[in-house]
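Colleague: Sequence:
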Amino acid sequence: MKKILIILLVLTVGLTMKSYGQSNGSIAFTVGSTSPMGDFKSTSSGTSTQAGFATNGLSFELNYRKLFKKNLGVLIQIQSTSNAIDINRVTQSNKLSLQNSNNNISNVTGYGNEVSPYKTTGLFLGGFYNLQISKNISLHPRMLLGFCNTNNSKFDLQLNWIQSGYACSGLLKTYSNETKSFGYQLGCDFLYMINKKLNAVFSLNYFSTKAIKDVTTDYFVTVNGAPVSDVSTFSGTFQYEMLNSNFGLLYQF
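Going by this note's numbering, 94 is the number at position 94 of the sequence shown; the sequence numbering is gapless.
Do not take every clue at face value.
Unchecked claim - Quick list of in silico lysine to aspartate or glutamate cross-link-like pairs, EDC-like style, CA-CA up to 20 Å:
id : residue 1 : residue 2
1  : LYS70     : GLU178
2  : LYS41     : GLU114
3  : LYS119    : GLU178
4  : LYS119    : ASP156
Said to hold, decoys possible - Computed beta-carbon distance windows for the label pairs:
id : residue 1 : residue 2 : range
5  : ALA200    : ASN100    : 46 to 54 Å
6  : ASN56     : ASN224    : 57 to 65 Å
7  : SER106    : LEU58     : 38 to 46 Å
8  : ASN100    : THR216    : 19 to 27 Å
9  : TYR175    : LEU58     : 33 to 41 Å
10 : ASP39     : ASN195    : 42 to 50 Å
11 : VAL223    : ASP156    : 18 to 26 Å
12 : ILE78     : SER169    : 25 to 33 Å
13 : ASN56     : ASN107    : 30 to 38 Å
14 : SER106    : LEU171    : 13 to 21 Å
No lab work stands behind these hints: they were computed from the structure. Being a predicted model, the structure only gives us computed values, none of them experimental. Every residue, glycine too, gets a C-beta built ideally from N, C-alpha and C.
Can you make the complete structure from the sequences, with help from the hints?
Modeller: This is the structure:
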């Protein structure tokens, strides 16, 4: 699969070079919102390793596009997204998991703090089709493939509870590493021509990447004043899916 993606990316670059000088290019910058989907949004699991607990965030796109035929073109794009974790749901989910783990546990309280959000940054190459609707309105359906850097959310939880008559407290700290993966984007740009050089752009696209999620969790637990510590790790593939809705401007050279 990786070899196929690399071949497609090389072909796209080749088409871009071939089209140089045949038509005018354009550059677009858009900003908007990103909405998590699937496991990335899910809150069904008791931990944030199997469910993402992601909330709506910000999306940025900077791209260069160029027609090499009347209606077919190539597009190069830099994309960045940021999604906060729903720390209240994470806290509540962990409180319930702790409460249900032992019949002798009661009076569970706690709070959480997000240290850093989910972040993805990618470089994408692909093609688009120029569909002219009217004199001032056109659509650019597109498909892009590329490389992504993914940073998982990091957070801390402080929990307090009573177990078998003893007062207990626990500090849970998560750490995760940046991972690299292949991703793809399917979407469409809606263009409205303001003048010969400037277009207003609305972009709607689906983005997906399957990355390795490495999470290390440190537990610092105090039972009736006596400290206990433990470390757990999770490593596995995780599907990051989101729907991006952006607005911006496109400048025609």
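Colleague: Determine for every hint whether it applies to the structure shown.
Modeller: Verification of the supplied hints:
Annotation: proposed proximity of LYS70 to GLU178 is violated, straight-line Cα distance about 41 Å (limit 20 Å). Our distance criterion of 20 Å between C-alpha atoms is met by LYS41 and GLU114, whose separation comes to about 16 Å. Under the criterion of a C-alpha separation no larger than 20 Å, the hint pairing LYS119 with GLU178 is consistent with the structure, at around 9 Å. Under the criterion of a C-alpha separation no larger than 20 Å, the hint pairing LYS119 with ASP156 is consistent with the structure, at around 18 Å.
Taking the beta carbon of each, ALA200 and ASN100 are about 52 Å apart, inside 46 to 54 Å as hinted. Distance hint for ASN56 and ASN224: a CB-CB separation of about 42 Å, inconsistent with the stated range 57 to 65 Å. In this structure, SER106 and LEU58 meet the distance hint of 38 to 46 Å, their C-beta atoms being roughly 41 Å apart. Separation of ASN100 from THR216 is about 24 Å and conforms to the stated range, judged on CB atoms against 19 to 27 Å.
A beta carbon spacing of about 24 Å between TYR175 and LEU58 contradicts the range 33 to 41 Å that was offered as a hint. Between ASP39 and ASN195 the beta carbons are some 44 Å apart, a value that agrees with the proposed interval 42 to 50 Å. Look at VAL223 against ASP156: about 20 Å separates their beta carbons, and that is inside 18 to 26 Å. Checked against the hint of 25 to 33 Å, the C-beta distance between ILE78 and SER169 comes to roughly 45 Å, which is inconsistent with it.
As the Cβ distance of ASN56 to ASN107 is approximately 34 Å, the hint placing it in 30 to 38 Å holds. For SER106 paired with LEU171, a C-beta distance near 20 Å keeps the hint of 13 to 21 Å intact.
Checked against the numbered hints above, the structure breaks hints 1, 6, 9 and 12 and satisfies the rest.
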